[in-house]
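Q: Protein sequence lines correspond, in order, to chains A and B. Counting in numbering that gives the first Met the number 0, the first sequence runs from 0 upward without gaps. Counting in numbering that gives the first Met the number 0, the second sequence runs from 0 upward without gaps.
Hint data in this document are derived by calculation from the structure and do not stem from the laboratory. All of these numbers come straight from a predicted model, not from anything done at the bench.
Covered by chain A, per the in silico footprint, the following chain B stretches (three or more residues, Cβ under 8 angstroms):
| hint | segment |
| --- | --- |
| 1 | 4-13 |
| 2 | 90-97 |
| 3 | 253-260 |
| 4 | 298-308 |
Glycine included, each C-beta is placed from N, C-alpha and C at the ideal position.
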Amino acid sequence: MTDLNVRLGGVTIVEEVTFSLGAGDLALLIGPNGAGKSTMLRALVGLLPAGGDVEIAGRYPASSEARNTFVFVPDEPALYEDLTLAEHARFSALIYQRPESEERALAWLTTFGLASRLAEFPGTHSRGMRQKLSLALALGLEMPLTLLDEPFNGLDIEAQELLAGALTQRAKTGGAVLLTGHQRELHSLLDATVLELSEGHLSVKAPAGRSGKR
Amino acid sequence: MTDAISYLRRRTVWRSFHTYRVWVGRAIGWWSIIYLIFWLVVFVLSGAEMVTTLEQPLTSSVPFGVAVLVALLFVGLLVSGRAPSVVLDRRDLFRAALAPSRPLDVMRYRMNLRRGVLLVGAALVGGLWSFIAPRYFHLSAPWAAPAAALVALAYFEIGWLRYAGYRRADAVGTAARQAAAWLTGAVVASTASAVWFGTRGTAAAAPDAGAQLIATLGPLAALTEASPLVLLVPLLLAAVAHVAVARTLLEQYPPRFAAQSLVLTQLQAMRTFQLIAGMAGMRGGREADAAERARLLAALHDRPGATRPRRSLKPPSLDQPAWRAIAWRTASEIYRRPRFAQVRLAGLTISASMALLAAAQVLSGAPAAPPTGAVLDGVGAAATAPVTFAGSLVGALGVLLAAFLTARAGAGLLGPGLARAGLPISAADRSRGRSLPAQLVFAAATLIAFPLLVLVRSLTGGVMADPATLLLTVMAYVGLLLTCLLVLEKYSSWSGAAASSWEPQVVAALLVALPMLVLVALGVPSWVLPAQFLLLAIVWIVEV
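The following block holds chain A by itself, in its conformation from the complex (with noise of 0.2 angstroms):
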């Protein structure tokens, strides 16, 4: 990604940030809240109009080429009411082409705890478990590129821990992760390479498991 502007209503949201991550990176977008980290998230992805040079897997982002190597987690679960848990993942696989996926997010809602509410709709469900089948999906998945925004956000304790284990996981096996948060209650959990947006400039901060701080 070179010189991405995000521009809205007139407004610089995020000003000529230049950054690129690899296999096997794990990296922490950090900020205040409003400094443009979601708007970041949303224009690499695709989903808001940005000036500058965007590529993923050396491909425009919204080329379907590049959308077969990502899986974006927005901050709000977005999620299809009238689905339950198990659909939900049979459709992740099915609209990715990755069959094995689906069990891997079974898998993985088993994990969260959520193996007794799998023929449930999600409507009726907390914010947190709603969560959690956002990112079993996700985690399910398994894409070269796993984009997360506040993926924190609701979880409780264990859960914290389970997914900041998984990312980790990701990483060393290969995937590269990009995730907005919050530094302190991240820095506890990951190793991560810390991103700092503020007044929408980049800065890269050092990795935080060689900080000192965990």
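With chain A's structure known, arrange chain B on it following the hints.
A: Relative to chain A, chain B alone:
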């Protein structure tokens, strides 16, 4: 990927349909619906039987005029295309559109829904034409329904092509723009030639075969011609446009489609909420929603105003009392509304001021003129009254109507409600702060309304109050206005009903007109004005 979308739609659409079916059955009842359908059919059939064939046909230029109008609608598409006609909701955007699925597959269901509605609507209109054309125009138009449906379909498809190519430099965008231009050109050219030869053919005693053929090749030639050939051009237009639309969605979505979808779904939700509020008898705070709607529209088109206000009022300094802050809050909300909403409200306020001035004349017992037009309907009747007539029921009803109009305007000027619980402010401060901007706007409106009323009076041969009663009229006006605004504010705050709903407005109007209604009935109209001031004092003192 198509399997995934089919899987999704099979389950979600079917379940939604099932839920809706159950809801309709429980909320309305299927027997009630069958009963309604039965009577609908009866009314349609009896209505159809009443349509008889005219001995002299109506002018034959009507169908040609319709064809030209439709062609102009197509031309209008060339200057549109900033926003999509079909959007995806948030779930489809994040779950399906970001996945490696073909945009065409994801969009198909929602596009087909829109196409279906258009097809049915246009076919009904075309069918109606097929029915009335032989009777009113002595024309046979058996193909009007399918032709109209196909033209509507082409209109929808070209609209999408314009959107897909809007300010887009890549090959897909260029192709979409060109396709839209060519198809619109084809519509205009074929309409022009068909209308030209059609009108000539109508005028000529024996039209030649070539002209007749060209006349059947317009998009809406089915309005005047009975040949099945009339379907050829609409079919071609719809088919070509449909294929061109599919080509725009093979690989990527239009650049701003996702962002605009997110905004448009919020706007739709707002509209749905207002509709439900309207069905529940509330206006749904439409005035207060106007600013948020304007912000969303700015976000839709990426204009300034999407993230920060374009207009601001200077806040009061920190040493000012609380009611000034409330007044500033209310005034800011009014000031930030879209210009159109402000102009509409200004018009309503001036009308209300004129009506209230006329009502004040009645109260002060001033002689006046005959009824003065739409604004003063009712009130005008009251204002016609000579001094002795001021105490009549007509006068009281005029005051009631003027008070209601004032309450309507006042509701738009009170701004958002303010829940006092938890705030260290008195009810008097809240009422004072919320109603102050309305009082100021009404004061300004009076400066326009008064000369307007004088003008209207002079045009209708009446006179305004003489100097002797002018002071009384002004006092009565101020009394009526303050009473109306305070009752509206206090009642809406006390009851929890939004000032924009009917209930507080009706209560305010009734209470303002109460002295006149009661004292006239008791035969003591001369007590009306003092009683009005007494009422204002009571309303002022009561803290709720």
